[in-house]
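Make a model of the complete structure from these sequences and hints.
In the numbering used here, the protein residues as written are 95 to 214.
The hints are simulated quantities; they were obtained by calculation from the structure and are not laboratory data. Don't be surprised by glycine CBs; every beta carbon is placed ideally from N, CA and C. Be careful, since some hints might not be right.
Calculated pairs, DSSO-like style, for lysine-lysine (alpha carbon to alpha carbon, straight line, at most 27 Å) [unchecked claim]:
1. K178 to K195
2. K179 to K195
3. K195 to K118
Here are the simulated distance ranges between beta carbons [what the hints assert, rightly or not]:
4. S183 to R214: 16 to 22 Å
5. G213 to Y175: 27 to 33 Å
6. K178 to Y124: 15 to 21 Å
7. Q126 to R207: 30 to 36 Å
8. P169 to D102: 30 to 36 Å
9. P101 to K195: 34 to 40 Å
10. R199 to Q153: 15 to 21 Å
11. Y204 to A173: 31 to 37 Å
12. V147 to V198: 26 to 32 Å
13. E206 to D102: 18 to 24 Å
14. F136 to V187: 22 to 28 Å
15. Q126 to I171: 15 to 21 Å
16. D177 to P101: 18 to 24 Å
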Amino acid sequence: MDAIRFPDQRSQYNMKYIDRDLLKAYTSFYPQETKKKGNACFGIATGSWGCGVFNGDRQVKAIIQLMAASAAGRPLIYASYLDKKLVNSFFEVHQYLLDQKAEVRDLYRYLERYCGQPGR
Numbered sequence: 095m096d097a098i099r100f101p102d103q104r105s106q107y108n109m110k111y112i113d114r115d116l117l118k119a120y121t122s123f124y125p126q127e128t129k130k131k132g133n134a135c136f137g138i139a140t141g142s143w144g145c146g147v148f149n150g151d152r153q154v155k156a157i158i159q160l161m162a163a164s165a166a167g168r169p170l171i172y173a174s175y176l177d178k179k180l181v182n183s184f185f186e187v188h189q190y191l192l193d194q195k196a197e198v199r200d201l202y203r204y205l206e207r208y209c210g211q212p213g214r
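Next up, the structure:
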């Protein structure tokens with residue numbers, strides 16, 4: 095998947111970019127017949143997509159990928175090179191969301207509120 099480069103980090107919080115990334119990730123993650131093995135789908139191994147030189151917000155990009163994988167019915171294997179803090183916090187957030195029985199639409203609303211905060 096390609097990613098958008100954000101010279102101005104604040105612009106990534108515009109929901110049009112969030113929507114674009116969600117659609118791109120979902121389309122990439124959606125299981126095609128060749129990716130299926132019986133009724134189970136292979137997991138998606140990913141990391142800080144769209145971050146680094148692209149200036150993406152690691153937490154937001156992780157949530158976008160989680161939402162897309164969930165909507166596509168695929169397990170997500172999230173790894174981030176030498177960023178244990180991010181991986182651990184993402185695991186905690188994921189566990190909280192599971193405990194709350196949160197759905198993709200709930201996460202989308204959370205992102206809307208987060209991205210709409212003053213200063214974003």
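**Message:** When the structure is checked against the list of hints, which entries are broken? Sort them ascending.
**Reply:** Going through the list in order, the structure violates hints 6 and 11 and respects the others.
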